[in-house]
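Undergrad: Sequence:
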Amino acid sequence: MDILISYYPILHLPSIRPNSLALLKKSGSKTQKWGIVGADGQLKVFQFKSKSLKNRFNYTSPSASSESLIPNGDSFLMSVNREIYQINRKGAASKFKNTPFENSISCLAMNSTLVAASCGLISSLQSDHNQAIPLPAQAVSVVYRENICYVGCNDGTVSTFIGGGTQQIARLPSAITCMAPIQRKHGQSILVVGCADSTIRFYNDKDKLISSMALSSSATAIGSYDFDKDGFAEIVVGLEDSTINLISIALIDTPKVVSSMQLGFNVSNIGIGTIYSSDMISILVTSQTGQVGIVFIEPRSDRSLLTSKAPKVTEKEIEDLKKRVNDLENKAKSANVKPTSVPAQTSVEIRGDPVTQKFIFLVESERPISRIALSSTVQLKFYPRTDCQTVISPCPPHKDHCSCIVRPLDQTATRVAFDFSYEIGKGGELISYISFVKNQAVLNKNFTLKPFGLLKRVTDDSLLKIHEDSLGIIEVTGSSTSTFRGMLDNCLPTMLEDDEPQTFSSGPIGSLVTVIVRGDKFVAKSIFFPIVVQLRTFILESMNKAKQRVTFETKLGENCIFTFFKKIKDRLLEVMIAGSLYYKLKALQEVKNSSPTANFGDEETARVLQDAASIEKKFAECKDEYDAFINEIQIFYTEMWKKNNIDASSRVPDLLTALKEVKDEDTLNVLIEFMRSQPK
Numbered sequence: 001m002d003i004l005i006s007y008y009p010i011l012h013l014p015s016i017r018p019n020s021l022a023l024l025k026k027s028g029s030k031t032q033k034w035g036i037v038g039a040d041g042q043l044k045v046f047q048f049k050s051k052s053l054k055n056r057f058n059y060t061s062p063s064a065s066s067e068s069l070i071p072n073g074d075s076f077l078m079s080v081n082r083e084i085y086q087i088n089r090k091g092a093a094s095k096f097k098n099t100p101f102e103n104s105i106s107c108l109a110m111n112s113t114l115v116a117a118s119c120g121l122i123s124s125l126q127s128d129h130n131q132a133i134p135l136p137a138q139a140v141s142v143v144y145r146e147n148i149c150y151v152g153c154n155d156g157t158v159s160t161f162i163g164g165g166t167q168q169i170a171r172l173p174s175a176i177t178c179m180a181p182i183q184r185k186h187g188q189s190i191l192v193v194g195c196a197d198s199t200i201r202f203y204n205d206k207d208k209l210i211s212s213m214a215l216s217s218s219a220t221a222i223g224s225y226d227f228d229k230d231g232f233a234e235i236v237v238g239l240e241d242s243t244i245n246l247i248s249i250a251l252i253d254t255p256k257v258v259s260s261m262q263l264g265f266n267v268s269n270i271g272i273g274t275i276y277s278s279d280m281i282s283i284l285v286t287s288q289t290g291q292v293g294i295v296f297i298e299p300r301s302d303r304s305l306l307t308s309k310a311p312k313v314t315e316k317e318i319e320d321l322k323k324r325v326n327d328l329e330n331k332a333k334s335a336n337v338k339p340t341s342v343p344a345q346t347s348v349e350i351r352g353d354p355v356t357q358k359f360i361f362l363v364e365s366e367r368p369i370s371r372i373a374l375s376s377t378v379q380l381k382f383y384p385r386t387d388c389q390t391v392i393s394p395c396p397p398h399k400d401h402c403s404c405i406v407r408p409l410d411q412t413a414t415r416v417a418f419d420f421s422y423e424i425g426k427g428g429e430l431i432s433y434i435s436f437v438k439n440q441a442v443l444n445k446n447f448t449l450k451p452f453g454l455l456k457r458v459t460d461d462s463l464l465k466i467h468e469d470s471l472g473i474i475e476v477t478g479s480s481t482s483t484f485r486g487m488l489d490n491c492l493p494t495m496l497e498d499d500e501p502q503t504f505s506s507g508p509i510g511s512l513v514t515v516i517v518r519g520d521k522f523v524a525k526s527i528f529f530p531i532v533v534q535l536r537t538f539i540l541e542s543m544n545k546a547k548q549r550v551t552f553e554t555k556l557g558e559n560c561i562f563t564f565f566k567k568i569k570d571r572l573l574e575v576m577i578a579g580s581l582y583y584k585l586k587a588l589q590e591v592k593n594s595s596p597t598a599n600f601g602d603e604e605t606a607r608v609l610q611d612a613a614s615i616e617k618k619f620a621e622c623k624d625e626y627d628a629f630i631n632e633i634q635i636f637y638t639e640m641w642k643k644n645n646i647d648a649s650s651r652v653p654d655l656l657t658a659l660k661e662v663k664d665e666d667t668l669n670v671l672i673e674f675m676r677s678q679p680k
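Sequential numbering from 1 applies to the sequence shown in full-length UniProt numbering.
Check each hint, because a few of them may be wrong.
Unchecked claim - If you anchor each label on the Cβ, the simulated ranges turn out as follows:
hint, residue 1, residue 2, range
1, Lys381, Ile10, 48 to 54 Å
2, Ile360, Asp469, 17 to 23 Å
3, Asn55, Lys206, 42 to 48 Å
4, Gln411, Asp226, 35 to 41 Å
5, Leu251, Ala441, 51 to 57 Å
6, Asp627, Gly28, 50 to 56 Å
7, Lys586, Ser375, 35 to 41 Å
8, Lys30, Tyr8, 16 to 22 Å
9, Lys456, Ser277, 19 to 25 Å
10, Val591, Gln131, 38 to 44 Å
Unchecked claim - List time: in silico DSS-like cross-link candidates among lysine-lysine, alpha-carbon distance up to 30 Å:
hint, residue 1, residue 2
11, Lys566, Lys680
12, Lys456, Lys642
13, Lys456, Lys445
14, Lys185, Lys90
15, Lys680, Lys643
Just so you know, these hints were derived from the structure itself, not from any lab. A virtual CB, placed ideally from N, CA and C, is assigned to each residue, including glycine.
All chains, full assembly: derive it from the sequences and hints.
TA: This is how it looks when you write it as structure tokens:
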């Protein structure tokens, strides 16, 4: 059965933080009421009636620092600074409970008892005099699974909070991003935990890890419902890269994505219920950038859109949205910002790391930083850092540019840092706008992103001593010397001088390439054939855009593949063995978690489990190299045969299998012979 995902936008509000959406219980045959708290502190309550959105009421809180919203019967509970208010169905508010906190409440959860968390404290609010219990770090998510309260923190710990005390059940490698309890099937509840390492993990009712699943980026919100009526709930996961995934956990050992969709924004909250129509379950989603919409999940054997119950976006709605965006852009351009109000002690810089092939974007100021807005002419990928907790919100993707908003979780942060990367050989401009807390000033700084900006200059002339039959070589001649030389100077980290060879190192495995320029002729030599191909591709594309003619020749020496593997052999064997042991360990741990009584009788398996800590540590130290070797050898193989006008892409899976089995000289020779044999 096919499962169709569609999205219908309904609102655009001020930024909506996590934990700021709540659905009230369904009443009779009506659709559910739902409330949202924006960054302006205003609670807005809506309900669909006859498939038309109605604003039931608004409540403006005493402070804009309203962070958490949950349902309580037919009313809402909303945190305002360190206090909690109850707002009834008519919009009247009253103070609900006294709290023991001094700082703003970030998380609320309600079962038989109300639990609140503030910074590194948590409390069960049963009376007017409640005790605050310390947590390992700041709470990110608090949920109830059946009658047990769970709290996830930004240091990666997951703990239970029972009887006025906490007990740790897991310590994950990165910050917790979201959690949700789900009923996998009748009588079986599971806790799903999202982590900044781009993995979601599943814990059973005994708090034991039973499965995990790697995702394309970190999970930001989770919900669940049995959409296909097979007796097992599917989980809906919003990701930091703007994707929303529908994941089947019918086979809990091997969860799989059954459908996905790019929304153009990362989801901050998910609510599942009878939102749009009383006879259909749909998903309400919100974003940090203010979008609110409905995601429809429709399992159907008929894929025709004509049978879909989801609403269609009209031309008028599209035109209205374009007009609103245009008005906002004009307003932003006409805003009068005094440059003198920008904090004097503010630095904005980009630092490249040639080993990880990522850039660090770093802002430091004397005043707290509220957000960083970025716009780039090249597609970027963003990554949070463990030394600075941030919320990264990519804007809807466009062909010619990429935009993103980054906010620190700590509202008093005077230092904000995150990583980003872009495809090697693709360069452009990056424009940054830095905003500050309680200050209308905006600091602007522009950067040039060089296509090969992460190449590292090294003093190594070994490639000049290797015979051409053991090298990959490109020779490119431009028709316009000035245009050609200008393009080269803008793509490489340093300027080239005539007849002065320069050698660069690229990536975790140190791919060396030596380049020489003579007038309008450029030569690149390397035993690492992929870097040569990347340079050639960039030069040809750049000169074509400039409408300049070039001539080129690509050479691959018959002994290059042997020289390449001789160069990397020792480190390749170490890294591939470490990877093989690590992935074997992960497979054994999954079996052990799902079947605690399983017997692992052979000595090798027992030794792998016993050495788990050292295996994980060793692989963590060489993971970047492991991924780089796989990528390098795959590109070498496909480009080697492409030069002979042969498409070898269909054999890549077999190539990767042979590569991952490399553990000694014999298995390495098997891999080399596979690469040299002509694809059929």
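Undergrad: Give a verdict on every hint.
TA: Evaluation of the provided hints:
1. Lys381 <-> Ile10: 48 to 54 Å: At 29 Å between Cβs, range violated.
2. Ile360 <-> Asp469: 17 to 23 Å: 41 Å, violated
3. Asn55 <-> Lys206: 42 to 48 Å: 45 Å, holds
4. Gln411 <-> Asp226: 35 to 41 Å: Roughly 39 Å apart at Cβ, these two residues keep to the hinted range, so it holds.
5. Leu251 <-> Ala441: 51 to 57 Å: 54 Å, holds
6. Asp627 <-> Gly28: 50 to 56 Å: 55 Å, holds
7. Lys586 <-> Ser375: 35 to 41 Å: 39 Å, holds
8. Lys30 <-> Tyr8: 16 to 22 Å: Hint holds: Cβ distance 20 Å, inside 16 to 22 Å.
9. Lys456 <-> Ser277: 19 to 25 Å: Taking Cβ atoms as reference, Lys456 and Ser277 lie about 58 Å apart, which means the hint is violated.
10. Val591 <-> Gln131: 38 to 44 Å: Holds, since Val591 and Gln131 (Cβ atoms, about 42 Å apart) stay within the stated range.
11. Lys566 <-> Lys680: 27 Å, holds
12. Lys456 <-> Lys642: 28 Å, holds
13. Lys456 <-> Lys445: Distance of about 25 Å is within 30 Å: holds.
14. Lys185 <-> Lys90: 37 Å, violated
15. Lys680 <-> Lys643: Holds: Lys680 and Lys643 sit about 16 Å apart, inside 30 Å.
In the structure shown, a violation is registered for the earlier hints numbered 1, 2, 9 and 14, in ascending order.
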